[in-house]
Amino acid sequence: MLKQQNYLVLGAAVIVALILLSLPTRATSRLKLAFGSWFLPLFGLASAGQQLPADLADCVLPRRELLLQIDALRRENQQLKEQQVQSVAIARENDQLRSLFNWQKQSPWKLKLAKVVMRDPANWWRTVQIDAGTRDGLRENLPVRTEAGLIGRISSVSLTHAQVVLVGDQNCRVSALVENPARDMGVLMAGGTLDTSLVELTYLASSANLKPGQTVITSGLGGIFPKGIPIGQIVDAQPVEYGLYTQARVKLNANLGSLEQVWVLFP
Amino acid sequence: MNLFQTISILLFAFFAVFGEATLGAPRHWLGAQVDLLPALMIYTALNTGATTVALLAVLGGIWFDTFSANPLGISILPLLVVGWPVTLRRDLILRDLPFAQFVLGAAASAVVPALTLLLLLSGGARLLLGWGTLWQWLVMIAVGAVATPFIFSLMTWCRRTLGYEPRPEPSFRPDREIQRSRRKL
Numbered sequence: 003m004l005k006q007q008n009y010l011v012l013g014a015a016v017i018v019a020l021i022l023l024s025l026p027t028r029a030t031s032r033l034k035l036a037f038g039s040w041f042l043p044l045f046g047l048a049s050a051g052q053q054l055p056a057d058l059a060d061c062v063l064p065r066r067e068l069l070l071q072i073d074a075l076r077r078e079n080q081q082l083k084e085q086q087v088q089s090v091a092i093a094r095e096n097d098q099l100r101s102l103f104n105w106q107k108q109s110p111w112k113l114k115l116a117k118v119v120m121r122d123p124a125n126w127w128r129t130v131q132i133d134a135g136t137r138d139g140l141r142e143n144l145p146v147r148t149e150a151g152l153i154g155r156i157s158s159v160s161l162t163h164a165q166v167v168l169v170g171d172q173n174c175r176v177s178a179l180v181e182n183p184a185r186d187m188g189v190l191m192a193g194g195t196l197d198t199s200l201v202e203l204t205y206l207a208s209s210a211n212l213k214p215g216q217t218v219i220t221s222g223l224g225g226i227f228p229k230g231i232p233i234g235q236i237v238d239a240q241p242v243e244y245g246l247y248t249q250a251r252v253k254l255n256a257n258l259g260s261l262e263q264v265w266v267l268f269p
Numbered sequence: 008m009n010l011f012q013t014i015s016i017l018l019f020a021f022f023a024v025f026g027e028a029t030l031g032a033p034r035h036w037l038g039a040q041v042d043l044l045p046a047l048m049i050y051t052a053l054n055t056g057a058t059t060v061a062l063l064a065v066l067g068g069i070w071f072d073t074f075s076a077n078p079l080g081i082s083i084l085p086l087l088v089v090g091w092p093v094t095l096r097r098d099l100i101l102r103d104l105p106f107a108q109f110v111l112g113a114a115a116s117a118v119v120p121a122l123t124l125l126l127l128l129s130g131g132a133r134l135l136l137g138w139g140t141l142w143q144w145l146v147m148i149a150v151g152a153v154a155t156p157f158i159f160s161l162m163t164w165c166r167r168t169l170g171y172e173p174r175p176e177p178s179f180r181p182d183r184e185i186q187r188s189r190r191k192l
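One line per chain: the protein sequences are F and G, in this order. Heads up: take any position in the first sequence, counting from 1, add 2, and you land on the numbering used here. Heads up: take any position in the second sequence, counting from 1, add 7, and you land on the numbering used here.
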């Protein structure tokens, strides 16, 4: 009798797994959101715990130090204001030239700041989750970057959270451009499994003249990533497939191992 | 079945999955994220019933997949594959020996990620695999093996300290009551 009950329990568990695996993607995303909401109190506690040392440090920071910081921020603010005035003038000039040559007007990208709240617990994916979702206007395939450079794109999004697939994952391929005289173009693909800072730039022309330290930026092809976002720098390059094309290793500008805050780009 | 034990196991799984998703230190220092669910499954299979094993597999698997890019539910089957045979053969296993716990923890920590990878690859997923994956697998095995005896100690301490023992059956049986009345002659 007991054995029969055990097998019933086993059968029920297997059926639950099979049902979940056969659900459509939209239903799975909703279920993930529902199960993820169980952890919301823990996230609150964790963020409060992270904030506590900073609050304590603020309490004990001497007044002299605060005044120095305020002074430095004022100077930085003044410089930024001057730069903004110059940028506005350059943008106006750019618009006038574009209208003269009948070029399509470039629309600037808007930015949304989000905090990285968790990482993928599985070793075979390279994704993170951020604390912004559809209620903040996010949708799939929006590019994500830090101050240093590109980090990935949004792969799935729920009401309050979004999953970002990072550069270096098999599901995030980026069309990239090397800033050299030839403007060599290639596709950024997954790198090593252990070192998150290195990725491979492949399908470069066999005649590509790459040197260590050359900058790699997004090419704008593919329709997801806008042109000109810095990605990283060339480490080394070698011909592959009997010299059919060149492959290079790229060191990413952004440190994917210690992401805290990221910017989501809106068109 | 002791309900407290089931709840404490599920709570441990809940916090373990949350820790795996938020703590980056193991990934930073060892190059791999560790998974404590296989080790916990060994404890559950050796000390509780089939229902708790199934509950841990289903809920632990779902929680893990919620934070991961894995398809939802894919981690349930590997956990069941580890937990179920151990439950069936637990009378033959020296469960109180730390060495047995160590070996079972290592085996479970090896089988669960390998089976999950196999399921994902058979589903056509494009995964980040390479020689480094072997290192990550070895780290998971080593940490799972070392963690299993600790989980046994922790859960046993929790059960003894916070749980309740089942009430022992009284030796009194009405059908064996000796009649002590004065016999009429």
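Heads up, some of the hints might be wrong.
[What the hints assert, rightly or not] Selected chain G positions facing chain F (Cβ under 8 Å, derived; list incomplete):
1. 64
2. 71
3. 76
4. 91
5. 124
6. 125
7. 129
8. 165
9. 167
10. 171
[As the list claims (entries may be wrong)] Far from chain G by the CB rule (all over 10 Å, computed), these chain F residues:
11. 20
12. 21
13. 72
14. 80
15. 189
16. 240
Just so you know, the hints here were simulated from the structure itself, not pulled from any lab data. The structure displayed is predicted, hence computed values, not measured ones. All residues carry an ideal CB built from backbone N, CA and C; glycine is no exception.
Going down the list of hints, with the structure as the test:
no.: 1; hint: 64; result: 6 Å, holds
no.: 2; hint: 71; result: 6 Å, holds
no.: 3; hint: 76; result: 4 Å, holds
no.: 4; hint: 91; result: 6 Å, holds
no.: 5; hint: 124; result: 7 Å, holds
no.: 6; hint: 125; result: 12 Å, violated
no.: 7; hint: 129; result: 12 Å, violated
no.: 8; hint: 165; result: 19 Å, violated
no.: 9; hint: 167; result: 26 Å, violated
no.: 10; hint: 171; result: 23 Å, violated
no.: 11; hint: 20; result: 8 Å, violated
no.: 12; hint: 21; result: 8 Å, violated
no.: 13; hint: 72; result: 33 Å, holds
no.: 14; hint: 80; result: 37 Å, holds
no.: 15; hint: 189; result: 14 Å, holds
no.: 16; hint: 240; result: 17 Å, holds
Violated hints, in rising order: 6, 7, 8, 9, 10, 11 and 12; the structure is consistent with all others.
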